[in-house]
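Construct the entire structure; sequences and hints are all you get.
Sequences listed follow chains A and B, in order.
With the first letter of the first sequence counted as 1, position 71 gets the number 190 in this note's numbering; the numbers rise by one all the way through.
With the first letter of the second sequence counted as 1, position 16 gets the number 42 in this note's numbering; the numbers rise by one all the way through.
Among these hints, one or two may not hold up.
[Unchecked claim] Below 25 angstroms or equal to it, Euclidean Cα-Cα: the simulated BS3-like pairs (lysine-lysine) are:
1) LYS35(B) x LYS83(B)
2) LYS124(B) x LYS187(A)
3) LYS121(B) x LYS172(A)
4) LYS124(B) x LYS173(A)
The set of hints was computed from the structure by calculation and includes no laboratory data.
Note that the structure is predicted; figures quoted are calculated from it, not measured.
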Amino acid sequence: KNEVEQSPQNLTAQEGEFITINCSYSVGISALHWLQQHPGGGIVSLFMLSSGKKKHGRLIATINIQEKHSSLHITASHPRDSAVYICAVRWRDTGNQFYFGTGTSLTVIP
Amino acid sequence: NAGVTQTPKFRVLKTGQSMTLLCAQDMNHEYMYWYRQDPGMGLRLIHYSVGEGTTAKGEVPDGYNVSRLKKQNFLLGLESAAPSQTSVYFCASKKNEKLFFGSGTQLSVL
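Shown next, in the form of structure tokens:
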């Protein structure tokens, strides 16, 4: 069964800390997405990766295709970064469907 | 440009009742998706559509029907609601590998 696994499930950090959230997947993918779900429930897309690394502000996403692993890093974390971060993949053999990890719940304490 | 709009935001149904959730997008996207989100699980695909007039089953389609009569609208129907369909439902659209989500519908079936 194709799987997407995220770690850790829950993460608490002090404001200013460097944060890493991990995503591993089981088979070849066409694309990997990082999403952010705010406490109110809304979901926004942060990054789409098929190789390498992307950066947007304090957020950095990397992917290692050979190791089937992606990381989302947050530098200089802030309480407003508190949210659930979700990894989603589009498997190479399932076309337009996405499969989602269970999410990492991040709390940043002032 | 409103993005992806879901209605209603909240609904309580009795077992056996029917209802329709509406998803509307004004971005002219071809791909649209219906997901459900349950505690401890990743978003799971119910049905999806790759264009006007086409629909396909996702991971958990049983008990749901969909229609895409107009490109901008993707309807999710529950013909006879069951308590197992209590969940938060998200609609999404996709263009150029970027996902756009609606704000979600919290459905309770008593």
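Results for each hint:
1. With a C-alpha separation of about 24 angstroms, the suggested pair LYS35(B) and LYS83(B) falls inside the 25 angstroms cut-off, and the hint holds.
2. Between LYS124(B) and LYS187(A) the CA atoms are separated by roughly 21 angstroms; this keeps the pair inside 25 angstroms, and the hint holds.
3. Distance restraint check for LYS121(B) and LYS172(A): the Cα-Cα separation of roughly 21 angstroms lies within the 25 angstroms cut-off, and the hinted pair is therefore satisfied.
4. Between LYS124(B) and LYS173(A), the direct Cα distance comes to roughly 14 angstroms. Compliance with the 25 angstroms bound is thereby established for this hinted pair.
Violated hints are absent here; each numbered hint is respected by the structure.
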